[in-house]
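Participant: Residue-level listing of the chains:
4 protein chains.
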Amino acid sequence: MTVSTTQARLRVAVIGAGYWGPNLARNFTASAFWDLVAICDLDADRAQGVADRVGGDVAVYSDVAAVLARPDIDAVAIATPARTHHALVLLALRAGKHVLVEKPLADNRDHGAEMVQEAAERGLVLMADHTYCYTPAVLKIRELIAAGSLGEILFIDSVRINLGLVQPDVDVFWDLAPHDLSIIDFVLPGGLRPEAVSAQGADPLGAGKACIGYLTIPLQNGAIAHVHVNWLSPTKIRQMVIGGTERTLVWDDLNPQQRLSVYDRGVDLTQQSIDGADAAASLVSYRLGDTWSPALPEHEALGAMVSEFAASIREGRAPRTDGEAGLRVLAVLEAASRSLTDHGLMSPVQSNIHGASTDADLVEVGR
Amino acid sequence: MTVSTTQARLRVAVIGAGYWGPNLARNFTASAFWDLVAICDLDADRAQGVADRVGGDVAVYSDVAAVLARPDIDAVAIATPARTHHALVLLALRAGKHVLVEKPLADNRDHGAEMVQEAAERGLVLMADHTYCYTPAVLKIRELIAAGSLGEILFIDSVRINLGLVQPDVDVFWDLAPHDLSIIDFVLPGGLRPEAVSAQGADPLGAGKACIGYLTIPLQNGAIAHVHVNWLSPTKIRQMVIGGTERTLVWDDLNPQQRLSVYDRGVDLTQQSIDGADAAASLVSYRLGDTWSPALPEHEALGAMVSEFAASIREGRAPRTDGEAGLRVLAVLEAASRSLTDHGLMSPVQSNIHGASTDADLVEVGR
Amino acid sequence: MTVSTTQARLRVAVIGAGYWGPNLARNFTASAFWDLVAICDLDADRAQGVADRVGGDVAVYSDVAAVLARPDIDAVAIATPARTHHALVLLALRAGKHVLVEKPLADNRDHGAEMVQEAAERGLVLMADHTYCYTPAVLKIRELIAAGSLGEILFIDSVRINLGLVQPDVDVFWDLAPHDLSIIDFVLPGGLRPEAVSAQGADPLGAGKACIGYLTIPLQNGAIAHVHVNWLSPTKIRQMVIGGTERTLVWDDLNPQQRLSVYDRGVDLTQQSIDGADAAASLVSYRLGDTWSPALPEHEALGAMVSEFAASIREGRAPRTDGEAGLRVLAVLEAASRSLTDHGLMSPVQSNIHGASTDADLVEVGR
Amino acid sequence: MTVSTTQARLRVAVIGAGYWGPNLARNFTASAFWDLVAICDLDADRAQGVADRVGGDVAVYSDVAAVLARPDIDAVAIATPARTHHALVLLALRAGKHVLVEKPLADNRDHGAEMVQEAAERGLVLMADHTYCYTPAVLKIRELIAAGSLGEILFIDSVRINLGLVQPDVDVFWDLAPHDLSIIDFVLPGGLRPEAVSAQGADPLGAGKACIGYLTIPLQNGAIAHVHVNWLSPTKIRQMVIGGTERTLVWDDLNPQQRLSVYDRGVDLTQQSIDGADAAASLVSYRLGDTWSPALPEHEALGAMVSEFAASIREGRAPRTDGEAGLRVLAVLEAASRSLTDHGLMSPVQSNIHGASTDADLVEVGR
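Chains H, A, G and Y are the protein sequences, given in the same order.
Heads up, the first sequence is in our numbering, so the first residue is 30 and it goes up one at a time.
Heads up, the second sequence is in our numbering, so the first residue is 30 and it goes up one at a time.
Heads up, the third sequence is in our numbering, so the first residue is 30 and it goes up one at a time.
Heads up, the fourth sequence is in our numbering, so the first residue is 30 and it goes up one at a time.
Quick caveat, the hints were computed from the structure, so don't treat them as lab data.
Heads up, some of the hints might be wrong.
Note that the list lumps identical chains together, so a pair holds whenever it fits in one copy or between two copies.
Here are the computed lysine to any residue pairs in the SDA-like style, where the Cα-Cα straight-line distance is at most 25 Å [what the hints assert, rightly or not]:
#, residue 1, residue 2
1, K265, P285
2, K169, G220
3, K265, E327
4, K265, D198
5, K265, E275
6, K265, G235
7, K265, E181
8, K265, S322
9, K265, S178
10, K265, E329
Starting from the given sequences, assemble the full structure and let the hints guide the process.
Facilitator: Okay, structure coming up:
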C-alpha cells in the first residue's frame with residue numbers, strides 16, 4: 030500500500046450522499062492519495078450538505094452522466110441502493126472510471142458477474158467496499174491464518190445479532206450476512222468457495238421477510254462455517270470463532286480491550302490401530318495452553334480501504350477486496366435465498382467466472 | 030411439591046455408580062422424602078465406594094435382579110449408559126417400581142415409547158432426569174413464560190459450546206442437545222412438538238461423528254428455535270435467548286451474578302393499509318425499555334428433582350419432566366440424526382403416542 | 030430546561046481552541062438556544078480552523094479583550110488551561126458576560142472563591158463545565174437518589190483508572206478526580222461538603238507528581254466516599270458503586286449495554302436489646318432481591334450542558350453545576366493536596382462562602 | 030514439594046470442626062502424605078460428623094489435651110476462632126507437634142510473635158494456612174514476579190468486595206484483608222515489610238465495626254499497595270492489579286476463563302537534561318503491546334498446602350507460608366487498626382523478630 034505521495038493524487042467522485050456516502054467522502058478528503066472532486070446525488074441539496082461538511086473544492090451534481098463525462102475524474106465510489114449498482118457501475122466502467130462499490134456488490138449474482146466481466150475487459154479496477162476487511166482485527170486474523178498460526182481451519186462460527194432496523198427491501202441475510210461472508214472470504218487463504226449452502230430463517234413478526242437467519246456453509250475437508258444473523262435480539266453480539274488444528278481464535282468485536290484472543294487449546298485426535306482386531310480407534314487428547322491477545326494498531330478501516338483502492342489503481346492490480354470477492358459473497362447469498370425457499374435444502378453455489386481473480390487483464394494506469 | 034414429612038419416606042435404589050449415580054445417591058440421602066436403601070453396579074466395589082461416601086445403611090448389589098426383587102423398594106433411579114435404559118427400565122417397571130432415568134430417556138425413540146407405554150399401563154411414574162429443568166433459572170423462565178411476561182414466543186437461540194470430551198458412542202447432538210431440548214420442552218407452554226427439524230454438523234477432525242452441530246426447529250406461528258452445540262470451542266458459552274412479542278429473556282448460565290436478564294426491548298410491527306393502493310405496509314417501531322434481572326433462590330437442582338419424583342409418586346400424577354417429555358426430546362434427536370444424514374433436509378418429528386401427557390392413567394400410590 | 034425557542038438566541042464566544050474548545054463550539058453551533066459568534070485563541074490559525082469546521086458566521090480573535098468588548102455577546106465559554114481561568118473569568122464577568130468554565134473551575138480554591146464572589150455580586154451566571162453531570166447515566170443517578178430509591182447513602186466507591194497521559198502540570202488527582210468529585214457533588218442531595226479528606230498517592234516512576242491516587246472522604250452519618258484514580262493501569266475501569274440503605278447502584282460507564290444496575294440487595298441491621306444485660310446486639314439480615322437496569326435516553330452530555338447554561342441565564346437562576354459546585358470540588362482537591370503532603374493526614378476542607386448556593390443574588394436577564 | 034511416598038505418612042489431627050476444619054480434614058484424607066488420625070471439637074457430635082464424612086479410621090475427641098498426649102501424632106491443624114490460636118498453638122508446640130494454623134495466625138501480633146518464637150526454639154514447623162497462596166493463580170504470579178517478567182513492582186491494587194457476613198468479633202479488615210496481605214506477602218520477592226500503613230474505614234450501618242475498609246501500604250522505592258475490602262457491595266469483585274516497570278498483571282479471580290492477564294503495556298519515563306538550563310525533564314512514552322494469559326494447572330489449593338506442610342516437616346525447612354509470614358500479616362493488620370483509630374494517620378508496622386525467616390533453627394525431623 031505504499032504509494033509515493035510525490036505522484037499526483039487520483040481524483041474521485043462519490044455517487045450517493047445518503048448514509049454511507051458521507052463516510053466515503055470524508056475518508057477520500059482525509060487521504061493523501063485522493064482528491065475528492067465531486068459528489069453526486071439525485072437530491073442536490075443533500076449532496077451540497079456533504080460537500081459543505083468535508084470542505085475544500087468539491088463540485089456538486091444531481092446528474093451522474095455529468096460526473097462521468099468529466100475526463101479529469103479517475104474513479105467513482107458508488108454508495109447508492111444495491112438495486113442501482115449494476116446500471117451505475119456499468120455506466121462508470123464504460124466511461125473509463127475505476128469503481129469502488131458499496132456492499133453488496135449488486136442485487137444478484139448475474140448482475141455482479143456482468144460488472145466483473147466489464148471491468149476485466151476494460152482493465153479497470155472494480156473494488157467491493159468490504160469495509161470490515163480493513164479493520165485492524167480482520168487484517169490481523171488474515172495474517173495469522175496465512176502464517177499458519179491456527180493450522181488447518183476446522184470451523185468458523187459467526188454471530189451478528191442486535192436489535193436492528195427491519196429493512197424495507199432486503200431480509201436479514203442480505204442486510205447483515207455480507208459482513209460475515211466478506212470477512213470469511215477475506216481471511217480464508219483460498220477465499221470462500223463453497224459448493225453449496227443451507228439457510229434457515231424465520232419471520233415470526235410477519236414482516237414479510239426473514240428477520241432471523243442461520244446459514245450453514247460446508248467448507249473443504251469436512252470443515253464448516255455457520256453464520257447467525259438476527260434483527261430481533263435485545264443484546265448485541267458480534268463474535269466470530271475460528272477453530273483450527275493448531276489454535277483457535279475468538280474475535281469479539283464489542284470488547285475493545287481484547288478484541289482478538291488466540292487460544293492454544295484444542296482437541297487432538299490420533300488414529301491408531303489397536304490389537305489388530307479393532308481396525309482404528311481414536312485417541313483423543315486435549316491441549317490447554319496459554320491464551321494470547323495481540324495488540325492491534327488503531328486506524329480507521331475506511332481510510333485503509335481508500336488507500337488500497339488508490340494502490341490497486343496505480344499498481345494495475347486487483348485490490349484486496351476485488352469484484353470477484355464481491356461476486357463470491359453474492360453467490361453465497363443467492364444460494365442462501367434459494368435454500369431458504371427450499372426449507373434449508375442444500376443449494377449449490379455458482380462459482381465465479383474466472384476462478385481465482387487474476388491481475389493479468391489490468392493495464393497499468395499511466396499518469 | 031409440599032409433601033408432609035410425617036408420611037413414611039419412600040425407598041429408592043440407585044442403579045449405576047459411574048459419573049452420575051453418586052450425585053443421585055447424595056441427593057436421595059439428603060432428601061426429607063427419600064431413604065436410599067441400595068446401590069447397584071456391575072462393579073460392586075464402585076457401588077460400595079458410593080455407599081461409603083453417602084454413609085447410612087445402604088445395601089450394595091452387583092445384580093440388578095436382586096434389587097428389583099426387594100418388595101420394600103418403591104422406586105429406582107437409573108444412571109447407566111443410554112443403550113441399557115430400555116431393558117433396565119422395563120425390568121424395573123415390570124417389578125412394580127417407579128423409575129427415574131438419566132437423560133436421554135433411551136437410545137432411540139421406539140425404545141422410549143415402549144417404556145412410556147409400559148409405565149402408563151402399570152400406573153407407575155416414569156420420570157426423565159432432565160436436571161436443568163429444576164435449576165432456579167429454568168424454573169423462573171418457565172414461570173415467566175407461563176405468566177405471559179414474554180408474550181408470544183418468537184425465537185429461541187441456544188448455544189452450548191466448550192472444549193468437551195469427544196464421546197466414544199454418541200455425537201455432539203446426543204451428548205449435549207438433550208439439555209437444550211429438555212429445557213425448551215420444559216419452558217414452552219405446550220412442550221416441544223415440532224413437525225420437523227433440520228440438522229447440520231461437521232466432523233472436521235475425523236472423529237467419526239459430528240463434533241459441531243446446528244439444529245433448526247421451526248415452531249408454531251413462524252417462530253423458530255435453534256441450538257448450537259460444539260465440543261471444539263476453546264471458550265465456554267451456555268446462553269439461551271428467548272425472544273417474545275412483549276419482552277426478551279437472556280439466560281447466561283456462566284454469569285452467576287446475573288444469570289437471567291429480561292429486556293423490555295423489541296421490535297413492534299403494525300400492519301396498516303396505506304392509500305388503498307398498497308394493501309398493507311408494515312410500520313416498524315422499537316421499544317428500548319428497562320432491563321430486569323430477577324433474584325433467583327439458591328438450591329441444588331438435583332434436590333428439587335428428587336423432591337418432584339417423590340411428590341409425583343405420592344400424588345399419583347405425572348412428574349414435571351415425565352417420560353413423555355423424555356420421548357419428545359428423543360423424537361427431535363432422532364429426526365436430527367436423519368436430517369444430518371440428509372445434509373440438512375427437514376426431517377419429520379414423530380409425535381408422541383398420547384399427544385399431551387395425561388395424568389389419567391396414573392393410579393394413586395397408596396401408602 | 031425548557032426555553033421557548035421563539036425567544037432570540039443567546040450569543041456566545043468560545044475562548045480557547047485547544048482540545049476542549051472545539052467540542053464546545055460544535056455544541057453551541059448545534060444548539061437551538063445559542064448562536065456561536067466568536068472563537069478566540071492566542072493562535073489565530075487554530076481558532077480559524079475551528080471556525081471553519083463548525084461553519085456559519087463565526088468571527089475569529091486572538092485578543093480576548095476584543096471579544097469581551099463586543100456588547101452583542103451574552104456569554105463566554107472558557108476552555109483554556111486551568112491556571113488562566115481566574116484572570117480570564119474575572120475579565121469576562123467584569124465585562125458583563127455570563128461565563129461557562131472548563132473543569133477545574135480554577136487552579137486553587139481562593140481563585141475560585143473570588144470568581145464565584147464576583148459573579149454573585151454582578152448577578153451573572155458562572156457555570157462549571159462538569160460535563161459528566163449531564164450524561165444520561167448521571168442524570169438518572171441523581172434522579173434515583175433524589176427520589177429515595179437508594180435510601181440513605183452509605184458509601185460511594187469510584188474507580189477511574191486507565192493507561193493515561195502523564196500530565197505536565199498537574200498530578201493524577203487534579204487531572205482525573207474532578208470528574209469523580211463533580212459527579213458525587215451532583216448526585217448527593219446536599220452536594221459534596223466533607224469536613225476533611227485524606228489522600229494517598231504514589232509516583233513510582235519518578236514523574237515528579239502522583240500518578241496513582243486514593244482519596245478518602247468521610248461523609249455525614251458515618252458514610253464514606255473513596256476515589257481511586259490511576260494513570261498506570263493497563264486496563265480501563267470507570268465504575269462507581271453507590272450503596273444505600275435501600276438499594277445499591279453500580280454505574281459501569283464502559284458497559285454500554287448496561288451502564289446502570291440497581292441492586293435490591295443489601296445488609297439490614299436491627300439494633301435489639303437482649304436479655305437486659307447485653308445492652309444492644311445487632312441482628313444482621315440480608316436482602317437478595319432483583320436487579321434492575323433502567324433504560325437511558327441517548328443524548329450528548331455537552332448538548333444538555335449548553336442548554337442548561339442558556340436556561341440558567343434566561344431564568345436568572347443558578348445552573349445545575351454552578352460556580353459553587355466548582356468551588357466545592359476545588360476545596361476537596363486542595364485539601365487532598367495538603368493531605369498528600371502530610372502522608373494521608375486528614376486535611377480540613379474549606380467550606381464555601383455561601384454554604385448552599387442560592388439564586389437570590391441572580392438578577393433576571395432581560396431580553 | 031516432591032516427597033517420596035515410600036516413606037511412612039505423617040499423622041495429623043484436626044482441631045476444630047466448624048467451617049474450615051472439615052475442608053482441612055478432607056484434604057488430609059485425600060493426601061498421599063498424610064494420615065488423618067483424629068478430629069477434635071468441643072462439640073464431639075460435630076467432630077463425629079466430620080469423621081463420618083471423611084471415612085476411614087479417625088478418632089474423635091472433645092478434649093484437645095487428649096489429642097496432644099498421643100505420641101503417634103506428628104502434627105495438628107488448628108481451625109478454631111482466632112482468639113484461641115495463641116493458647117492452642119503453644120500447647121501443641123510444647124507437646125512437640127508441628128502446627129498448621131488457620132488465618133489469621135493469631136488475634137494480635139504479640140501473640141503471634143510468641144508462637145513463632147516457641148516454634149523456632151523447638152525446631153518445629155509453624156505454618157500459616159494462607160490458602161490463597163497455593164492456588165494456581167497465585168503460584169503463577171509469584172513465579173512471574175520472581176522471574177522478572179513484571180520488572181520492578183510499581184503498584185499493587187487489590188479489591189475484595191462482596192455482600193458479606195458481618196462478623197460478630199472482627200471488622201472487615203481482619204476478616205478479609207488477611208487474604209490480600211498474605212498474597213502480597215507471598216508474591217513480593219522480599220515479603221511484605223512496610224514501615225507504616227494507613228487505614229480508612231466506615232461503619233455506616235452502625236454495626237459497631239468497620240464494614241468498609243481501605244488500606245494504603247507504601248512499599249519500597251515509591252511503590253504503593255492498596256487494599257479495598259467491603260462487606261456491603263452488592264457485586265462481587267476479587268481483582269488484583271500488579272503494575273511493574275516491564276509489564277502489568279491483572280488477576281480476576283472471578284473469571285475462570287481468564288484469571289490472569291499479563292499486559293505488555295505501560296508508561297516509560299526517560300529522564301533527560303534539556304538545554305543545560307532545565308535540569309531534568311521527563312520524556313513519557315507508552316507501550317501498547319500484546320496481552321498474554323498463561324494457562325493454569327487445575328488443582329485444589331488446600332491439597333497443595335497440606336503437601337507443603339508435609340514437605341516442610343520432612344525437609345526440616347520453613348514452609349512457604351511460615352509463621353513469620355503470618356506474623357508479617359498480623360503486624361500490618363495491627364498497624365491498620367491503630368491507623369483506623371487515628372483517622373488514617375500513617376501507623377508504623379512492627380518488624381519481625383528475625384527479619385527474613387531462616388531455616389537454620391529447624392532440625393531435621395527424623396523418622
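Participant: List in ascending order the numbers of the hints, as given earlier, that are violated by the structure.
Facilitator: none
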